[in-house]
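Peer 1: Produce the complete structure using the sequences and hints provided.
There are 2 protein chains.
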Amino acid sequence: MSIKDNHLVIMAGGIGSRFWPMSTPQHPKQFVDVLGCGRTLLQLTVDRFKGICPTENVWIVTSASYFDIVREQLPELPVSNILLEPCRRNTAPCIAYVSWRIKKLNPKANIVVSPSDHIVMNVAEFGRVISSSLGFASETDAIITLGMKPTRPETGYGYIQANLGTSSARNVELFPVDSFREKPDLETAKKYIAQNNFFWNSGIFVWNVSTIVNAFRVYEPSIASIFEGMMDVMGTDKEQQTINEKFPECPNISVDYAILEKADEIFVFPADFGWSDLGTWGSLRENSQRDEFGNALIGPRIDVYETQNCMIHTVGEKRVVVQGLDGYIVAEENGTLLICKLSEEQRIKQFSEE
Amino acid sequence: MSIKDNHLVIMAGGIGSRFWPMSTPQHPKQFVDVLGCGRTLLQLTVDRFKGICPTENVWIVTSASYFDIVREQLPELPVSNILLEPCRRNTAPCIAYVSWRIKKLNPKANIVVSPSDHIVMNVAEFGRVISSSLGFASETDAIITLGMKPTRPETGYGYIQANLGTSSARNVELFPVDSFREKPDLETAKKYIAQNNFFWNSGIFVWNVSTIVNAFRVYEPSIASIFEGMMDVMGTDKEQQTINEKFPECPNISVDYAILEKADEIFVFPADFGWSDLGTWGSLRENSQRDEFGNALIGPRIDVYETQNCMIHTVGEKRVVVQGLDGYIVAEENGTLLICKLSEEQRIKQFSEE
Numbered sequence: 001m002s003i004k005d006n007h008l009v010i011m012a013g014g015i016g017s018r019f020w021p022m023s024t025p026q027h028p029k030q031f032v033d034v035l036g037c038g039r040t041l042l043q044l045t046v047d048r049f050k051g052i053c054p055t056e057n058v059w060i061v062t063s064a065s066y067f068d069i070v071r072e073q074l075p076e077l078p079v080s081n082i083l084l085e086p087c088r089r090n091t092a093p094c095i096a097y098v099s100w101r102i103k104k105l106n107p108k109a110n111i112v113v114s115p116s117d118h119i120v121m122n123v124a125e126f127g128r129v130i131s132s133s134l135g136f137a138s139e140t141d142a143i144i145t146l147g148m149k150p151t152r153p154e155t156g157y158g159y160i161q162a163n164l165g166t167s168s169a170r171n172v173e174l175f176p177v178d179s180f181r182e183k184p185d186l187e188t189a190k191k192y193i194a195q196n197n198f199f200w201n202s203g204i205f206v207w208n209v210s211t212i213v214n215a216f217r218v219y220e221p222s223i224a225s226i227f228e229g230m231m232d233v234m235g236t237d238k239e240q241q242t243i244n245e246k247f248p249e250c251p252n253i254s255v256d257y258a259i260l261e262k263a264d265e266i267f268v269f270p271a272d273f274g275w276s277d278l279g280t281w282g283s284l285r286e287n288s289q290r291d292e293f294g295n296a297l298i299g300p301r302i303d304v305y306e307t308q309n310c311m312i313h314t315v316g317e318k319r320v321v322v323q324g325l326d327g328y329i330v331a332e333e334n335g336t337l338l339i340c341k342l343s344e345e346q347r348i349k350q351f352s353e354e
Numbered sequence: 001m002s003i004k005d006n007h008l009v010i011m012a013g014g015i016g017s018r019f020w021p022m023s024t025p026q027h028p029k030q031f032v033d034v035l036g037c038g039r040t041l042l043q044l045t046v047d048r049f050k051g052i053c054p055t056e057n058v059w060i061v062t063s064a065s066y067f068d069i070v071r072e073q074l075p076e077l078p079v080s081n082i083l084l085e086p087c088r089r090n091t092a093p094c095i096a097y098v099s100w101r102i103k104k105l106n107p108k109a110n111i112v113v114s115p116s117d118h119i120v121m122n123v124a125e126f127g128r129v130i131s132s133s134l135g136f137a138s139e140t141d142a143i144i145t146l147g148m149k150p151t152r153p154e155t156g157y158g159y160i161q162a163n164l165g166t167s168s169a170r171n172v173e174l175f176p177v178d179s180f181r182e183k184p185d186l187e188t189a190k191k192y193i194a195q196n197n198f199f200w201n202s203g204i205f206v207w208n209v210s211t212i213v214n215a216f217r218v219y220e221p222s223i224a225s226i227f228e229g230m231m232d233v234m235g236t237d238k239e240q241q242t243i244n245e246k247f248p249e250c251p252n253i254s255v256d257y258a259i260l261e262k263a264d265e266i267f268v269f270p271a272d273f274g275w276s277d278l279g280t281w282g283s284l285r286e287n288s289q290r291d292e293f294g295n296a297l298i299g300p301r302i303d304v305y306e307t308q309n310c311m312i313h314t315v316g317e318k319r320v321v322v323q324g325l326d327g328y329i330v331a332e333e334n335g336t337l338l339i340c341k342l343s344e345e346q347r348i349k350q351f352s353e354e
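Residue numbers (the numbering used here), protein chains in the order written: chain A, 1 to 354; chain B, 1 to 354.
Do not take every clue at face value.
Given that identical chains are not distinguished, each listed pair holds provided it fits within a single copy or across any two copies.
25 Å max Cα-Cα, derived DSS-like pairs, lysine-lysine [as the list claims (entries may be wrong)]:
#, residue 1, residue 2
1, K318, K341
2, K318, K349
3, K104, K190
4, K262, K183
5, K262, K318
6, K50, K238
7, K50, K183
8, K246, K104
9, K108, K190
10, K238, K103
11, K149, K4
12, K108, K4
13, K50, K104
14, K104, K341
15, K50, K191
Hint data in this document are derived by calculation from the structure and do not stem from the laboratory.
These figures come from a predicted structure and were not determined experimentally.
Peer 2: Quick look at the structure:
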């Protein structure tokens, strides 16, 4: 495996509605310094592939409306590596587009597909898992999913059921997938984690470009034929115009549903590198450094008095003083202030829309 | 009495520390649209004297650092009517300065002195009380204080004890003052309001310019001599420079202590025109329109859910969503967000300083 063949595809088209008001459709959470560390989630995602994928092999697939933000946040990327979807069609068309694009450039490419808005605490272990998976993908026709060892009966994630009895002969950390399971209810989730062969579906995938292109041809030919028919214009001046015309014809479908649940030779790499999809304010609190009273305080100047178990987040030069709160989200961003009990955070999307 | 002789003096040098973060030393509350009505407290103060004092007779005494704000908020005022104190010396030097200034212009002037940051609900009754007091002051040497009929045993105000047995023969609404009382403790305040002859000291005074100038000469000659010695430069190019040199020599003393507590012929006009000094966030809540759950919501777009007894205040285009709070101040202004129990609001000054 040559590092020059390693490509990274970052899907950065989400709108992060559960993180309102920090995340807005105009400026969703992948473009925000959520952790208050000076780097946005998108930048952190690129950062953790340093040494694994060369910069010229990093691809961002996003909405046309986020082009300027991506350019600003990743100035080191070739501008032609930013692929713009004219409309939202879920992950399958997004991955197909970039796969055919990469295939034209390098038919031997190995690809990691990653969300843009997750966090990883143990970047070294993450790098080891990714490199190992890329090595496997370069030598096989495997579709590899990264399965996160679950720590709680989470109902917000899909699960991957592994056949732990028969690891791959080439890589003893990779196991065949028995089934993919949709987000379960609490009872089912508890059953899953009582066993040891269920893993959270992280949305991180590794494969060879031929493998995924062939899988589309077999399992989702309507999408495959759209991009097959665009091979001539890929990488030319006509690419964007043709994409704008043809991309909307794709069905709205996830790669999980279109490919993973149907294909053979699907493997899961059970891993543990401090992953979170940062889906909610509560998960940000859990994944942030907290003070002795359980407060996660992210912002340049936050003072708390008689306050505990709160998630307080602000960007910019805002000063915040909070007295006497327990178990609240306080978020001040994008011209909006939100104060809401953490236990009610599932209502935030509704608040943002009213 | 001619309306041309009526002068209004507005003391606008306060820093409003209890209303932080809406009120800051750089932009204190008299310059803020506290009520969310489109007019600042200073503008509302000027507004309610329309028809009583001509615009050219309105004087603002304030700190030099607020000159630009006053100009912007009261563009109709002659710029020479904005008097600038080079330092804070409490109310006696402030009132002395403007009194000598007015005396040079019009020795027959009648003067109302008013704070800049109070509110009045019943402006018609206010106008009647002020006009009646001005008429009395124009014909006598009386020093008139407006006494507010107390509605609760407030410990944050000074009280005026009236001799209700003997009203003035010229004006049956005016009564001699028996004594001024400093801010009482709760027990004492309860005793005061159990009687009917104790009134809150509103800080609104009415007198003839000769009366107050003579009172300074008699009771506070050190201040009188400073301004007496400046009569030549008053209203000339040299006024500000001389004030900058001489004003700091004045003792730091309130007009209550320097004059009112010593002088004879002090009268109180017991009045009831929906007055509040808006001293605290709690008093703003009490003086604002509230929803059926007791929330005072001042701002362009505030949505509340399961929230009661809160004072929520923001200026500008900020959107605010609050869920699940009871009895809190939420104020977002001047780059600062404050969330604090109303019951703890006496700590706000401390929060602002830390």
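Peer 1: Can you tell me if K50 and K191 fall within 25 Å by alpha carbon in one copy, between copies, both or neither?
Peer 2: Answer is neither; intra-copy 38 Å and inter-copy 76 Å both fail.
Peer 1: From the Cα coordinates, with 25 Å as the cut-off, is the pair K50 and K183 best called within, between, both, or neither?
Peer 2: neither (32 Å within a copy, 68 Å between copies)
Peer 1: With identical chains treated as interchangeable, where does the CA-CA distance between K50 and K238 reach 25 Å or less: within a copy, between copies, both, or neither?
Peer 2: Neither. Shortest intra-copy (31 Å) and inter-copy (69 Å) distances fail the 25 Å Cα cut-off.
Peer 1: At most 25 Å between C-alpha atoms: does K104 with K190 qualify within a copy, between copies, both, or neither?
Peer 2: neither (45 Å within a copy, 88 Å between copies)
Peer 1: Check K318 against K349 for me: Cα-Cα at most 25 Å, and say if that holds within a copy, between copies, both or neither.
Peer 2: both (24 Å within a copy, 18 Å between copies)
Peer 1: At most 25 Å between CA atoms: does that hold for K50 and K104 within a copy, between copies, both, or neither?
Peer 2: Cα proximity of K50 and K104: one copy only (24 Å, versus 79 Å across).
Peer 1: With 25 Å as the alpha-carbon cut-off, assign the pair K104 and K341 to within, between, both or neither.
Peer 2: neither (50 Å within a copy, 63 Å between copies)
Peer 1: Can you give me the call for K318 and K341, within, between, both or neither, at a CA distance of at most 25 Å?
Peer 2: both (21 Å within a copy, 20 Å between copies)
Peer 1: Checking K238 and K103: alpha-carbon separation at most 25 Å within a copy, between copies, both or neither?
Peer 2: Close inside one copy (18 Å), not across copies (83 Å); limit 25 Å.
Peer 1: Under a CA distance limit of 25 Å, which applies to K149 and K4: within one copy, between copies, both, or neither?
Peer 2: The answer is neither: 31 Å in one copy and 85 Å across copies each exceed 25 Å.
Peer 1: Quick one: K262 to K183, C-alpha cut-off 25 Å, is that within a copy, between copies, both, or neither?
Peer 2: within (18 Å within a copy, 80 Å between copies)
Peer 1: Up to 25 Å between alpha-carbons, please classify K108 paired with K190: within, between, both or neither.
Peer 2: neither (42 Å within a copy, 88 Å between copies)
Violated hints, in rising order: 3, 5, 6, 7, 9, 11, 14, 15; the structure is consistent with all others.
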